Amino acid sequence: MSRRISYFKQKGDPYIFASGLGLVVALGMVTWIIAVILSRGLSFFWPGDLVQITTSGDETYLGELWAQEDAIQLDADGHKIPVKQTQLKIGNRDLYGMDFTWIRDKNITEQAYPENAVTFERLEYGNFYGFIEAVHSGDEQYGADHPELYTKARQAYRLAREKREQLRETQEAMTELSEPLTRLQREISLLEISPEGRTDEGLQQLEEMRRSAEQLEQEIADAYQALTEKYEKLYLEERGIYLTVRTAAGEEKELHLSEVVRFFRPNQMGVFAKSWHYAGKLWEFVADDPRESNTEGGVFPAIFGTVVMVLLMSIAVVPFGVMAAIYLNEYARQGPVTRLIRMSVNNLAGVPSIVFGVFGLGFFIYFVGGSIDQLFFSNKLPEPTFGTGGILWASLTLALLTLPVVVVATEEGLLAVPRANKEGALALGSTRWQMIRKVVLPNAMPGILTGLILAISRGAGEVAPLMITGVVKLAPTLALDTTFPFLHLDRKFMHLGFHIYDVGFQSPNVEAAKPMVYSTALLLIVIVVLLNIIAIYIRNNLRKKFKTSTF
Amino acid sequence: MVNIQEDIAVTTPTEPQEIPAAKPFLANERIVIETQRLDFYYNPEAHALKNINIQIPDKKVTAFIGPSGCGKSTLLRCFNRMNDLIAGAYLTGKVLIDGEDVYDSKIRLEELRKNVGMVFQKSNPFPMTIRENVTFGPKVNGITGKDELEEIVVSSLKQADLWREVKDRLDASALDLSGGQQQRLCIARTLANKPEIILMDEPASALDPISTGKIEETINELKKDYTIVIVTHNMQQAARISDYTAFMMLGEMVEMDSTKRIFTNPTVKMTEDYITGRFG
Ligand SMILES: Nc1ncnc2c1ncn2[C@@H]1O[C@H](COP(=O)(O)OP(=O)(O)OP(=O)(O)O)[C@@H](O)[C@H]1O
Ligand SMILES: [Mg+2]
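Heads up: the sequence lines are chains U and Y, in that order.
For the first sequence, the numbering used here gives the first residue as 678, with consecutive numbering after it.
For the second sequence, the numbering used here gives the first residue as 56, with consecutive numbering after it.
What the hints contain is simulated information worked out from the structure, not anything from laboratory work.
Please read all numbers here as calculations on a predicted model, not as lab measurements.
Keep in mind that a hint or two might mislead.
[Unchecked claim] When the alpha-carbon atoms are kept at most 20 Å apart in a straight line, the in silico DMTMM-like pairs for lysine to aspartate or glutamate are as follows: (1) U/K1221 to Y/E187; (2) U/K1221 to Y/D231; (3) U/K930 to U/E798; (4) Y/K177 to U/E801; (5) U/K930 to U/E801.
[As the list claims (entries may be wrong)] Only some residues are given here: those of chain Y computed to face chain U with a beta carbon under 8 Å: (6) A142; (7) E165; (8) E166; (9) M173; (10) F175; (11) F181; (12) T184; (13) N196.
A virtual CB, placed ideally from N, CA and C, is assigned to each residue, including glycine.
One chain only, chain Y, in its complex shape (with noise of 0.2 Å):
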């Protein structure tokens, strides 16, 4: 059954906590996503999350690492709400995106989820043409005019590194192309949005050397403008495309530091062990 709840308890913490400050390493950083004491339960017994608190710096590519089921999607799926869906889900604590608590009742769900884009570890295309695709998130965000759409096919494409390969069949359908253009399609459409922030949740898991290869080219070029926020699997490829690395262990945040420091010389003896595939 796919239900899917949009209301989400939360409930702030009685006794009072102190907030770690920021990072030394993050000081000259601007800070886009932060989170505060975050616990998050999928039910009263599956806590999932266990008092997080992060920083993630604004236009750079923050890699997540850990064993399998350490909670690593469940912490990216809080930045935009997508839990949301999930019945009888609750969290406490504060995710503050530029500064704004996005459980905050105010917080529009939709603007939320346009300002903070996501792609997915499998391509799920519409079942449309692509260039319906990459409409979807500005037509049901209110574009209309047809000019401002067509530019934003051609510049999403293109800043998606597809534009070369789909320019002359814009209109076949998206099921039609191989999985890794599918991939680069969904992020094309996340982009189409005009996000600060882009959730990849294992984007490339499901591809070849070569199709992930060109993700990573992709991220590497999008992260001058975006912030970008990477779960994966693969050490190579957070060493390759992150600046910052955060490594995750049954729902805690063990360690967040830059990616060069992580990979070399780690303060936690576990992370060590977890990259040279000691355990994992």
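Extracted from the complex, chain U is given alone in its bound form (with noise of 0.2 Å):
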């Protein structure tokens, strides 16, 4: 028996049992938690059905149906009974106070999908869910009796879009045209706080400042005024669509299209009609700007923000840890130094975030960046250009934390490359610098690109350093657009991993933002992912390039 036992232990079986159960739930994990993310954060698009709730108490609501659960209430005597009680979406926050309401299962006496109940999607007060009463388009107006109520509708929507679009069209001529007066005007202000604005030449040039500012204001006078009356006109033509709706309580509410994203009716619509919705607000996610404080309408600064900012990190991080490597490992006599600069970096991997996003400000923003402002932009101080947090900074903040990881991969890249290349290109008569660019580096771009992988997958993910060193809630501007020098490193920008604490934590409307949370959380991870093949799959050809000799 104990034999048997002896061998069993000898065999280790339970260890390989025991290792593969930690395997397994590692596994289970990670499965777990992609396909909730992956779940919640594709269902968020979906549109779903509205739902007309009739209670005991005759109150009406109609929304969507958000969750279901088992609730535990106290009766009279204090004792626990179970209960079962439905979430629903009401919307109309502008009217209830709150997106979102629970009523008891047991209290529901009536339930139905009207047909003609419809979502509508705002820019503000997130959605209204209703039925159309009336349209008003201008002098047209049609009543709850109009067969085409609907078309009507949608008829009066395609206009208000149309006037929106011209009203931000003139809004913009009407910037332009001011803007040289506006920037004039700037400089007078700012020559008037100033030092010099004080001495005698200084007064004399602003007296002249401000003859100019006038004689532009007369001459812009005419075209502006007349921009500003087509503005009032499209914005009272404008404020002249709207719907009549009514909520399933039977409160009526006029209803500008203007402010109306889209809207349409679930309940009739099919399979077909909701995936092609769907797809659409895929691709407004994507590609569109955030609206109402983050929690509806797109990501794409954020995308941007986050591309951007890896991209930045790897032009620094890479150069720098591939030298650092090679320095160490080709150059530096191998000894006790050389090991205790190998602990350090080792060790810098496991520095907190938040101090290197601490060493960023102190650094980059403060000192390298107020040197920035006072060599080259002291006509702007005190309002600072590179003084403060920006993208460039951010990404070199990021490039430091990652630094260890690529000079470790670098540094096991350089170890396999064979011996037998590098002494037969130094047999050859090159010196160690032509050795290690044309055989030691080639060969070692496998280990470089991992290297590169890992940063990407580190600090695409990063969120604390980046708070204190340029990431903002919603950035009015993109790092990278057409006036010129096309690409600002000092402007702040958007970041899907902030993003998701900031629409998640930091939301007036949490509840409502939670999907937004999975399905931000699952854009990130697409894009670390997508990042990271383009690297192996470049990595891969390398491999392939470089199989080492064999007889």
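Need the complex rebuilt from these two chains, each delivered in its own frame; the hints are there to steer you.
If you want it as structure tokens, here you go:
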């Protein structure tokens, strides 16, 4: 018997079993988390049916089924009794003050899916769920008895969009027209507060500037006046296009169509129509700007910020990391000092990322950025240009954070270069640098790319250091645009990781924002995976090219 | 850890010693490589070469034979200073090539290694195309002309007897060649530098008899124009291709003479025992 046990131990079956179990648990958790993110993140864009629920208290609600749960209720004697309850997204925040409500299932007396219930997605106050009572479009008016009421509403919606677009264009024209004047006025006020503005010379200059400002004002006055009138006229027209809508409870309200993003009747839509709608929403999510303090609309600026930041980080970290690794491996005399350096670099990977953030703030922003401002942008001071958080500083901070990863992976790649190849190069009379450039680096490229892949994965998901080095909730402009110098390294930026934090925990309407958190997380994962796939693809191609020589 | 250190301590022995005069059998030869009281240490405990005094003649094949671990490779690698790459190693004495001490600080290492080419035991073509392998040496030594490089590729491959086999696929990866072809490519790569001396450390030990035969043919051709030093474990090979043979043992140079004499009538008993396979 004991022999059997000892043989069992020798074979190590329990250990193999335990390690297999560990793997299963780890894989299970990963699969589970990905499944949750996938299902929650992707179902968000599906147009939910609108259910109308009447309760025993004679209250009527219209909305999307959101969740169902078993809750515990205390009765009069303090006994716990289980109850089922349903969460309904009722929207209409401007009327009810909140988007969600819980209804006890036992109180539900009637449940229906009205055909003509409409979901309105609005620019403000979230969704509106209700019924169209009348359409007002300028002088035209259609009541509830009109057979084509919904079609009329769509026509009115298109008209309203057009007006809105025209309004935007007019506004832009006005800004453009007054641009030179605004700039001049800014210069005047800057001069007024600066010490030079109080000298005789400065006063004279001020006088001159004021005169030319006046002149400029007169020159553009007529054109500006015309634009203002056009704007006002358009505005009135736009305000004339609206719907009268009724909530399930019977309350009526005017809904201006220029404030509506889209509206549809989910209960009438087939699978195909819903899929089309879904695709549109998905596209909006990746390609549009956010609305409603980020809880609605798209995340395009965050995608853009994340990708640009990761690219800048890679550009910064790879050359530095590779050079450091080459020096450590090929030039430095191996001994206690190199060992110490290696250990320090490895330990750098264990420093909490927020510490890197603080360092970035102190060194890059205050010291380097502050000096750049003093030297090159002193005319803008005290308004900082580089002396404040921005995409460059955030990228460099992350580059520092991911440096150890790149150094370690590159060192491994360098070690994997066959000694025979190095000796062969030297024996042919190449200098050490020629050997590194022509034989070692190409051979170590897979290792370097592994470092880059790890750095991207680590850097793209990092949030804490960004929060103090330049990420913002809402960036008005992208880091890359069509105005000179195209790449604006000083600008603040948005980031998907920070977006998750902001939407999920800082937004005024956390419940409504929850699906957005999943979708954004999913998107962040997809982007990291995509970046990695590109790097892996390149690495595999290189591997094929540099498969080590064999007999 | 592959660490490459190119600083090596050279200390001259304090007590003056008599340098042996040229061997009588080399009387009619021009001496290209000469070592004087060469001692080599991998570290203070590993004394790998002991008082080596050897003379290697011009445009001849000299073979080093001896049991494993006797220091043949070490001696060979002293000639082009490849031992410099080993951290902690140092030597005393002199290595003269064309009368110049190669360990002198005035010597440019790259020039020395261009002039003294080396073919390794295990073929080590670079993971590049065949053409790039051959042009590697000339390029790092400053030759840039396209025509000149092309000319070098053709002549080197022809000299290494590889041209016929690869002329249609010069831009294929060198790693796709057979083991024997790879080794001949390494010879061609060395020849492309137009060296004066070629050191070969068991160049055919990993090859089949046919490939070995081809390499030997190549060496026979090359000895018209180059001084060749070859390390080999194969007695027949040494007898077939070399003009002179040196027998080493435990870090010491036991005997050097014309190959014919070493294999028929060696002076030292130990040499005879080794050659006839009585030990080793
Ligand atoms: N890097 C090293 N560090 C320490 N000792 C070494 C090193 N390389 C070789 N040696 C020792 O130096 C001695 C000579 O080695 P060498 O490689 O020159 O022998 P060899 O004659 O070429 O042998 P083989 O025929 O097996 O190639 C051996 O005893 C070996 O153990
Ligand atoms: Mg050897």
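A quick look at each hint next to the structure:
Note on U/K1221 and Y/E187: the hinted pairing holds, with a Cα-Cα distance of about 17 Å set against a maximum of 20 Å. Our distance criterion of 20 Å between C-alpha atoms is met by U/K1221 and Y/D231, whose separation comes to about 12 Å. A threshold of 20 Å between alpha carbons decides the hint, and for U/K930 with U/E798 the separation of about 15 Å falls inside it, so the pair holds. Distance check on the hinted pair: Y/K177 and U/E801 sit about 74 Å apart at the alpha-carbon level, beyond 20 Å; violated.
As the CA atoms of U/K930 and U/E801 are separated by approximately 15 Å, the hinted pair is consistent with the 20 Å bound. A hinted interface residue such as Y/A142 counts as satisfied when its beta carbon comes closer than 8 Å to some beta carbon of chain U; here the least separation is about 7 Å, so the hint holds. At a threshold of 8 Å, the smallest CB-CB gap from Y/E165 to chain U is about 5 Å, leaving the interface hint in force. Interface restraint check: Y/E166 against chain U, minimum CB-CB distance 7 Å, threshold 8 Å, status holds.
The criterion of a C-beta within 8 Å of any C-beta in chain U is met by Y/M173, whose closest approach is roughly 4 Å, and the hint holds. A cut of 8 Å between beta carbons decides the hint on Y/F175: the least distance to chain U is about 6 Å, and the hint holds. A distance limit of 8 Å between C-beta atoms decides the matter here; for Y/F181 the minimum to chain U is near 6 Å, and the interface restraint holds. Against a cut-off of 8 Å between C-beta atoms, the interface hint on Y/T184 is violated, since the closest Cβ of chain U lies about 10 Å away.
Interface restraint check: Y/N196 against chain U, minimum CB-CB distance 5 Å, threshold 8 Å, status holds.
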